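Listed below are the residues making up each chain.
There are 6 protein chains.
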Amino acid sequence: MTESLPTALNLPMVDPLPETTQKYFDVCRDKLGMVPNVLKAHAFDIAKLDAFSGLYNELMLADSGLSKLEREMIAVVVSSVNRCFYCLTAHGAAVRQLSDDPKLGEMLVMNWRVADLNHRQRAMLYFAEKMTKASSEIAEYDREALRDAGFTERDIWDIANVAGFFNMTNRVASATDMRPNDEYHAQAR
Amino acid sequence: MTESLPTALNLPMVDPLPETTQKYFDVCRDKLGMVPNVLKAHAFDIAKLDAFSGLYNELMLADSGLSKLEREMIAVVVSSVNRCFYCLTAHGAAVRQLSDDPKLGEMLVMNWRVADLNHRQRAMLYFAEKMTKASSEIAEYDREALRDAGFTERDIWDIANVAGFFNMTNRVASATDMRPNDEYHAQAR
Amino acid sequence: MTESLPTALNLPMVDPLPETTQKYFDVCRDKLGMVPNVLKAHAFDIAKLDAFSGLYNELMLADSGLSKLEREMIAVVVSSVNRCFYCLTAHGAAVRQLSDDPKLGEMLVMNWRVADLNHRQRAMLYFAEKMTKASSEIAEYDREALRDAGFTERDIWDIANVAGFFNMTNRVASATDMRPNDEYHAQAR
Amino acid sequence: MTESLPTALNLPMVDPLPETTQKYFDVCRDKLGMVPNVLKAHAFDIAKLDAFSGLYNELMLADSGLSKLEREMIAVVVSSVNRCFYCLTAHGAAVRQLSDDPKLGEMLVMNWRVADLNHRQRAMLYFAEKMTKASSEIAEYDREALRDAGFTERDIWDIANVAGFFNMTNRVASATDMRPNDEYHAQAR
Amino acid sequence: MTESLPTALNLPMVDPLPETTQKYFDVCRDKLGMVPNVLKAHAFDIAKLDAFSGLYNELMLADSGLSKLEREMIAVVVSSVNRCFYCLTAHGAAVRQLSDDPKLGEMLVMNWRVADLNHRQRAMLYFAEKMTKASSEIAEYDREALRDAGFTERDIWDIANVAGFFNMTNRVASATDMRPNDEYHAQAR
Amino acid sequence: MTESLPTALNLPMVDPLPETTQKYFDVCRDKLGMVPNVLKAHAFDIAKLDAFSGLYNELMLADSGLSKLEREMIAVVVSSVNRCFYCLTAHGAAVRQLSDDPKLGEMLVMNWRVADLNHRQRAMLYFAEKMTKASSEIAEYDREALRDAGFTERDIWDIANVAGFFNMTNRVASATDMRPNDEYHAQAR
Chain A
865 MTESLPTALN LPMVDPLPET TQKYFDVCRD KLGMVPNVLK AHAFDIAKLD
915 AFSGLYNELM LADSGLSKLE REMIAVVVSS VNRCFYCLTA HGAAVRQLSD
965 DPKLGEMLVM NWRVADLNHR QRAMLYFAEK MTKASSEIAE YDREALRDAG
1015 FTERDIWDIA NVAGFFNMTN RVASATDMRP NDEYHAQAR
Chain B
865 MTESLPTALN LPMVDPLPET TQKYFDVCRD KLGMVPNVLK AHAFDIAKLD
915 AFSGLYNELM LADSGLSKLE REMIAVVVSS VNRCFYCLTA HGAAVRQLSD
965 DPKLGEMLVM NWRVADLNHR QRAMLYFAEK MTKASSEIAE YDREALRDAG
1015 FTERDIWDIA NVAGFFNMTN RVASATDMRP NDEYHAQAR
Chain C
865 MTESLPTALN LPMVDPLPET TQKYFDVCRD KLGMVPNVLK AHAFDIAKLD
915 AFSGLYNELM LADSGLSKLE REMIAVVVSS VNRCFYCLTA HGAAVRQLSD
965 DPKLGEMLVM NWRVADLNHR QRAMLYFAEK MTKASSEIAE YDREALRDAG
1015 FTERDIWDIA NVAGFFNMTN RVASATDMRP NDEYHAQAR
Chain D
865 MTESLPTALN LPMVDPLPET TQKYFDVCRD KLGMVPNVLK AHAFDIAKLD
915 AFSGLYNELM LADSGLSKLE REMIAVVVSS VNRCFYCLTA HGAAVRQLSD
965 DPKLGEMLVM NWRVADLNHR QRAMLYFAEK MTKASSEIAE YDREALRDAG
1015 FTERDIWDIA NVAGFFNMTN RVASATDMRP NDEYHAQAR
Chain E
865 MTESLPTALN LPMVDPLPET TQKYFDVCRD KLGMVPNVLK AHAFDIAKLD
915 AFSGLYNELM LADSGLSKLE REMIAVVVSS VNRCFYCLTA HGAAVRQLSD
965 DPKLGEMLVM NWRVADLNHR QRAMLYFAEK MTKASSEIAE YDREALRDAG
1015 FTERDIWDIA NVAGFFNMTN RVASATDMRP NDEYHAQAR
Chain F
865 MTESLPTALN LPMVDPLPET TQKYFDVCRD KLGMVPNVLK AHAFDIAKLD
915 AFSGLYNELM LADSGLSKLE REMIAVVVSS VNRCFYCLTA HGAAVRQLSD
965 DPKLGEMLVM NWRVADLNHR QRAMLYFAEK MTKASSEIAE YDREALRDAG
1015 FTERDIWDIA NVAGFFNMTN RVASATDMRP NDEYHAQAR
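Chains as they are written, first to last, in my numbering: chain A, 865 to 1053; chain B, 865 to 1053; chain C, 865 to 1053; chain D, 865 to 1053; chain E, 865 to 1053; chain F, 865 to 1053.
Quick caveat, the hints were computed from the structure, so don't treat them as lab data. Errors might be hidden in some of the hints.
Since copy identity is lost for identical chains, a pair holds within one copy or between any two.
Below, simulated DSSO-like cross-link-like pairs (lysine-lysine); rule was C-alpha separation at most 30 Å, straight line [claimed, not checked]:
no., residue 1, residue 2
1, Lys932, Lys895
2, Lys887, Lys994
3, Lys895, Lys967
4, Lys997, Lys895
5, Lys887, Lys912
6, Lys912, Lys895
7, Lys895, Lys994
8, Lys887, Lys997
9, Lys932, Lys887
10, Lys912, Lys932
11, Lys997, Lys967
A quick note: this is a predicted structure, and the numbers were derived from the prediction, not measured.
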């Protein structure tokens, strides 16, 4: 049915899904209670789905000096600047869950500056915000501020790439009117 | 040597490179006359390199209703809004080469509105620019304008994802002070 | 205790409160389960509290061609542009409650353009947004658009004054670091 | 007559005015030589007029650590950012009168940064300007700058509320095309 | 004396002035009652003064399809966008004088959109404003709008060059803290 | 022929040109290999051409504490903010030629912050950029920063006037769709 499409584009999923994809989606349903719509949106072309989820998993789930919560915090702050309904909904829920602090999730969605953050987190989010609003003005002293806050060279790479990634997905979600799964709204309130 | 690092971050390439990566880089050298610095920049962690180049290749090189030149045009226009030196240099060269029109490359770098484009290209670049500057304001009539210009649902997906991708890489390049290979500057002038 | 102050300014409430004020606060506790912090913040000077709540009540609670929900929708959209944590929290909860639609509240907080609104509501919120972002550019055709959507002269006055009011309170809240009562976060999810 | 209405909305004054309102307007005529159009604009509904003038009088005329001139200076600077013809005209005249310095009034209308102000006034106007342009970015150091310039907690409250108030009235005036009384233009030149 | 310098730069006038310059300044004093400070500011180097006044006179005083009032209106609107105290003061006075309408001068200083203008003037000022705020987005339809309003090719050239000129002088005046002669403030009120 | 006009305005050159103008254009052809289109664009009215080239020559070619390269660098940075195709093309070529460093020209066109500049040049370009983006916010400390970098009062005047000049010509070029001579594109690559 057209109305169940996850975006405003008429691009239905491959049917049937290849076995590997079906298994991936089944795992999502088991662990998250749903298949995130961003995956369904890509599933009209399995090569695109694989390339997207490959980068997503590397950035958000692989080992990093940044905790998963920190990466989700970056996701929400970038998405707040870009006012992306999909990503604020999905990653706002993730911040609420991982932090066990519903108010923190709300603050990052609404205005991260009001959140009670430590120096490391504040430096990280300030950098992510500047990358989002005025990347061409980033200078060596911005990177130095991250180093001063205790981040390694790899950590800075990861901050930059997570913030960059959501500047991509925010725009793709808005450009295609991608809608988040309803399940997110009530999670971890 | 530190000075040969492709970014301001001290993240040297894995040494020696795994065989597959070495082959990939050798192919680049054969075909392009260089290994693009964006690849070297990722090569401190081969999983990150593979995830990045996986998405890049899917978006920029795979089959699409958009020609390779059109995808490079989007890359340059997005990078112009974001004032990304790396991407303007590398993809400006690509536009000059693929179009055989050096002036077109300059125009897209400087101000795409002065370029003599057909309706299809103008609609595509207008959408990419709006995604870059104000993605949260994109509405159904913006997608309709693309359909009216002859783009299919898949084409719109591709426009959105190519424009999104360079909003990621522009920011990563600026955030890490990534420098383009010198070879690009004189190409196809 | 300093930490219970509702803003970053050291301005404790008059103690004891005058009888009328105490009754007003008791009514709040009965009906809302709390005394909203914006009232406590003003209560260091009862004349200021009375003047503020006088205007608030006239705009938000008095008879109007705009429903209470519509006025709360304006409050949230204005507060979203201004990224005011206090007002997004308090009036986001009000939208969720009055509409019985938690997702609507989230949408207005994050990006009102994604909400599924009728023509009347869309015209109203577009006007409130333009007033917030670029009031000096409002012209007769903007008022005509409201008339075309069915609003009377009094309704337009009310839209303008509700939108204006939250442009005041958003700024006062941010300027004083006013914090919303914790009770709002979980309401009507 | 329609042409004598103080705004673009067809909302004529209650006729006859209630006795108290009539007296208030008579006092205005005696003291100011006119009834300010903002009062006439509200007088289609006396409850709205009373609520508005109640807050106005509390903020602009009641006792405060800020002089009346200082409050008018804030009014003009906020109105300059918002380019509000009504408020720049009426409160620009007030600054010229209260300061006995016509050039000061002009400077605040045109670009307050060129005015020869003391440290206290400069800090106050900088804060009011930041509240107007980017209230969500106000932080504790902004309030500290006011304390360092000698302002008390109550003074900071008053600065915030006066600046907030004109962010409301500027927008209401522009949204309704409210016109200032002609008498202001030549006053105190 | 340093305090009589027309800018914040320590660049006193050539002393004595060459005979031609002295005559030019004497004519100014006769006709305007003063030597405009912008001329004194340039007079540290007579070649610069002559080049500047050569272009000024050609644009503002030579024959044109635009009346002198219309050129002054453009000057004020451009200077309002740029918030240039010098040019708003000097050319605001010129609009008041040439139009015999003090309120028109105020409106153009504060917010030209509130002025009661005919179609020709509105088209002209809209174009000048767009040139000032977003010149890179001017397109053929903007020029067509001027032609539709009755402007010739030469007129459009003149609009563009007058608007351009004040984008130069506004910035030079602000960059050097150039101060207008006090005489302007009370003129033609 | 209409298509050879240097702008979108139908304003052909005086024909024949006066002898002095013809000689000036012949010199251009000898020294530059072309008559710059900006001169042809003005040549529909020789008084306008003379006034324009008089100021241009005074600012860009006369003696100054700024080298010709430095003045061209300012031209390119201002034109980059304003995204002026004509001036970026013509003055980008000049920077490449005068510096013998093609990459420097590209960097200034794309994002001057990535260029490897000394303190003097960086201070100069920062000032020119601020003049272009936010001239009304320039304050004494901005001029002090130039003095600290070694610039004299005359040098600061020259920086301000060169930056101002290109804020004029950028806007005139965009407003009239002025096109640069094709010869520039391949120069000094």
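Report the numbers of all earlier hints that the structure fails to satisfy, in ascending order. 2, 4, 7, 8
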